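**Student:** Take a look at the letters that make up each chain.
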Amino acid sequence: MSKLRIAVLIGIWAASLWPAEGDLTRGRELYEKRCGGCHGLDNAKVGPPLRSVFGHRSASDPSFPYSDGLKKAGLVWDEATLDRWLTDPEALVSENDMGFRLSRADERSAIIAYLKQLPVKQGQR
Amino acid sequence: MKNRKDLASDDGIDRRGFLKCMQWAGTGVIWSMSAGVPVSQMLAADTHKKADFTFVQISDSHIGFNKPANPDVTGTLQAAIEKINGLDKQPDFVIHTGDLTHLAKASEFDTLDQTLKSLRQRQIFYVPGEHDVTGDDAQLYLERFGKGTTGLGWQSFNHKGTHFVGLNNVVQLEGLGKIGQEQLEWLRKDLVRLSASTPIVIFAHIPLWTVYPQWGWGTEDSAQALALLKRFGSVTVLNGHIHQVLQKVEGNVTFHSAMSTAFPQPAPGSAPSAGPMKVPAERLKQVLGVTQVNSLAGARQLALVDSPLEGAPTAGEMMEGR
Numbered sequence: 010m011s012k013l014r015i016a017v018l019i020g021i022w023a024a025s026l027w028p029a030e031g032d033l034t035r036g037r038e039l040y041e042k043r044c045g046g047c048h049g050l051d052n053a054k055v056g057p058p059l060r061s062v063f064g065h066r067s068a069s070d071p072s073f074p075y076s077d078g079l080k081k082a083g084l085v086w087d088e089a090t091l092d093r094w095l096t097d098p099e100a101l102v103s104e105n106d107m108g109f110r111l112s113r114a115d116e117r118s119a120i121i122a123y124l125k126q127l128p129v130k131q132g133q134r
Numbered sequence: 051m052k053n054r055k056d057l058a059s060d061d062g063i064d065r066r067g068f069l070k071c072m073q074w075a076g077t078g079v080i081w082s083m084s085a086g087v088p089v090s091q092m093l094a095a096d097t098h099k100k101a102d103f104t105f106v107q108i109s110d111s112h113i114g115f116n117k118p119a120n121p122d123v124t125g126t127l128q129a130a131i132e133k134i135n136g137l138d139k140q141p142d143f144v145i146h147t148g149d150l151t152h153l154a155k156a157s158e159f160d161t162l163d164q165t166l167k168s169l170r171q172r173q174i175f176y177v178p179g180e181h182d183v184t185g186d187d188a189q190l191y192l193e194r195f196g197k198g199t200t201g202l203g204w205q206s207f208n209h210k211g212t213h214f215v216g217l218n219n220v221v222q223l224e225g226l227g228k229i230g231q232e233q234l235e236w237l238r239k240d241l242v243r244l245s246a247s248t249p250i251v252i253f254a255h256i257p258l259w260t261v262y263p264q265w266g267w268g269t270e271d272s273a274q275a276l277a278l279l280k281r282f283g284s285v286t287v288l289n290g291h292i293h294q295v296l297q298k299v300e301g302n303v304t305f306h307s308a309m310s311t312a313f314p315q316p317a318p319g320s321a322p323s324a325g326p327m328k329v330p331a332e333r334l335k336q337v338l339g340v341t342q343v344n345s346l347a348g349a350r351q352l353a354l355v356d357s358p359l360e361g362a363p364t365a366g367e368m369m370e371g372r
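Here the protein sequences line up with chains A and B, keeping their order.
The numbers in the first sequence follow our numbering, run straight up by one, and end at 134.
The numbers in the second sequence follow our numbering, run straight up by one, and end at 372.
Since the hints were derived computationally from the structure, they do not count as laboratory data.
Watch out, some of these pointers could steer you wrong.
[Said to hold, decoys possible] Quick list of the computed label-pair ranges, beta carbon to beta carbon:
1) B:Ala317 <-> A:Phe73: 17 to 25 Å
2) B:Asn116 <-> A:Lys80: 15 to 23 Å
3) B:Arg172 <-> A:Thr34: 42 to 50 Å
4) A:Arg93 <-> B:Asn116: 18 to 26 Å
5) A:Arg93 <-> B:Glu224: 38 to 46 Å
6) B:Asn208 <-> A:Asp97: 20 to 28 Å
7) B:Ala273 <-> A:Lys80: 36 to 44 Å
8) A:Gly83 <-> B:Gly136: 44 to 52 Å
None of these values were measured; they are calculated from a predicted model.
C-beta: ideal position from N, C-alpha, C; glycine also.
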């Protein structure tokens, strides 16, 4: 296999890992519709800000008053944990303050993909 | 309350007679117009006896919520119902300004429906809150409580000369509430046939005035709705969502938010988050309640009385006008 062909294949594989623009647009729209009432990206509302939630430990924003259950949960928010959380928060952490659940798997994955690619501002966790 | 500057409205309507922030807790106040300036009077306890008609607003019952801020929201809704059933003069109807349920589960809608069956007045008009529509774009809510409404639950009706409009500003959330162009166009057509002297009551879940945008307490496109209402002499806008009594008068419009029947939330900007506020158990029924609305002959504004589920009404804070 030529080096050029290998490079093209690597490029295709890498691109497949990154959500398409259309998927991210849908993820942003779903985030606003499903999550935006209670969460800001950079400010707390009823829930904590979510810009840097992906990849970080649960209950790690020191300025937000999390439930005791979530403080003790010791989770890291990745695709799997966020998917379980959005599906049924109480099944993952019995004592929590999340007043929401999302039954549609395609919507959960679009929102998680959107959260994952958000640029974290300097100085944030 | 902090960040008072942030409370300034951006709805673009007449600033004459603007009272920046009127907050009352558990009391009644009547607004009348004098040379374009709203004048307030404390309500006598028997105001409802002089009223042409009366209706009651309940809000944010959050059936299904079971956290420490109130582990028995069905019980406190029942207490609200008993308060309404105990009124000397029964309301002509009841409005529920949204967040009927906490998670929009069928079982929660069932419980709400069953509980409200004990109201003596059975005519109830609903608008949804964001908790009623999350996850399914209001499908279940509309099936259960949206019968006879248009679009995603908007509606209007006339009662004894007053025109009532229920809006849904929770389906297109973009940080703030949003009414959306389709509903705004429906509203324009709904209002166009009315004379400017018709008293108007708008009810919606999220405030149509900018209470505290950092917490999403406002409606992005409310200015467009308020522009359609500018020509009317008397407009009253009732909402829930923020679980506390807050009132503002701006020109011809009185904005009023009601207490929840489930749990209180902090004053705008006064806490790290807008989440449910736990108060000592013996105080809970003092910060939950209902709003009684009286239409009085000769008055240009409706008289609003906020009554906690328990305890004597007390006057709250009134900020000076400008």
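**Student:** Hints first: check each against the structure and report whether it holds.
**Tutor:** Hint check results:
Separation of alanine 317 of chain B from phenylalanine 73 of chain A is about 18 Å and conforms to the stated range, judged on CB atoms against 17 to 25 Å. Look at asparagine 116 of chain B against lysine 80 of chain A: about 19 Å separates their beta carbons, and that is inside 15 to 23 Å. One distance hint, 42 to 50 Å for the beta-carbon pair arginine 172 of chain B and threonine 34 of chain A, holds here, with the actual separation near 45 Å. In this structure, arginine 93 of chain A and asparagine 116 of chain B meet the distance hint of 18 to 26 Å, their C-beta atoms being roughly 20 Å apart.
Evaluation of the 38 to 46 Å hint for arginine 93 of chain A and glutamate 224 of chain B yields a failure: the beta carbon distance comes to about 27 Å. Between asparagine 208 of chain B and aspartate 97 of chain A the CB atoms are about 44 Å apart, so this pair departs from the stated range of 20 to 28 Å. In this structure the hint that alanine 273 of chain B and lysine 80 of chain A lie 36 to 44 Å apart at CB holds, the actual value being about 41 Å. Against the hinted window of 44 to 52 Å, the Cβ-Cβ separation of glycine 83 of chain A and glycine 136 of chain B comes to about 50 Å, which satisfies the hint.
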